[in-house]
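Can you build the whole structure from these sequences, using the hints too?
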Amino acid sequence: MLGGTVRGKTTRLRLPTLDDLPQVDRWAADMRVRRGGPMGRIGEPCASSTWKERFNDVVKDKDCVLWLIEADSAAVGLAKIRFSGAPAADAVDIQQFLIDPGHWHKGHGFDAALTLHRWIFDIVHLRCVNIELPVDQLSALRIAEKLGYERFAHGHEAFYRDSAYVDQYRMRMTLRTWDERWGAEHREYPAPLGPELEA
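In terms of our numbering, the sequence shown is residues 0 to 198.
Warning: the hint list may mix true and false statements.
Derived CB-CB ranges, DEER-like [said to hold, decoys possible]:
1. 84 - 154: 18 to 28 angstroms
2. 34 - 105: 31 to 41 angstroms
3. 159 - 56: 22 to 32 angstroms
4. 156 - 59: 33 to 43 angstroms
5. 180 - 105: 19 to 29 angstroms
6. 71 - 166: 28 to 38 angstroms
Below, computed lysine-lysine pairings styled on BS3-like, alpha-carbon distance capped at 25 angstroms [claimed, not checked]:
7. 105 - 79
8. 105 - 51
9. 8 - 79
10. 105 - 8
11. 145 - 51
12. 79 - 145
13. 61 - 51
14. 79 - 59
15. 79 - 61
16. 51 - 8
Source of the hints: derived by calculation from the structure; they are not laboratory data.
We put the beta carbon where it would ideally sit given N, CA and C, even for glycine.
Below is the structure:
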């Protein structure tokens, strides 16, 4: 599925278009993106026509949702989630979340991540989000910890790159954490059932 438009303070999550395909192909070929771990990988470099086919496959997949991340009218990243236990899912896994290296250290990653979690917890009203991150991806780990993720597993030598194995954290964030940390200022809608029934 495609996720529609969700606006943050400096970024927005929007539908990908055909004009975005060359940019996605550039990300796939950029080694700074490719070495970013499983959440940075978007597939092998390929022709724009192949990316069009891949996006069409995502449109048909009822268990995942895809967005382009935009800032200052430019495509700066990509986000993709998959529902866990669909069709009666109450949790999602973030499969891909990347920011164009040319836009690193501008705050776009955190703003887009916060916007994505507002969609997950407040618009769709799911209960839990899971991610897996290499332990040396410090920027991604800082964003996750600032959002309120907690580590619940440590995989040893779980991810291979640069001729060596890297450990990996599995992390989780819940609706309760979202409401406690971000609900007061970042809700899209008022709590539908009252705060005592949201936990």
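Going through the hints against the structure:
no.	hint	in the structure
1	84 - 154: 18 to 28 angstroms	holds, 21 angstroms
2	34 - 105: 31 to 41 angstroms	violated, 20 angstroms
3	159 - 56: 22 to 32 angstroms	holds, 26 angstroms
4	156 - 59: 33 to 43 angstroms	holds, 36 angstroms
5	180 - 105: 19 to 29 angstroms	holds, 23 angstroms
6	71 - 166: 28 to 38 angstroms	holds, 36 angstroms
7	105 - 79	holds, 21 angstroms
8	105 - 51	violated, 29 angstroms
9	8 - 79	holds, 20 angstroms
10	105 - 8	holds, 13 angstroms
11	145 - 51	violated, 34 angstroms
12	79 - 145	holds, 20 angstroms
13	61 - 51	holds, 18 angstroms
14	79 - 59	holds, 14 angstroms
15	79 - 61	holds, 12 angstroms
16	51 - 8	violated, 29 angstroms
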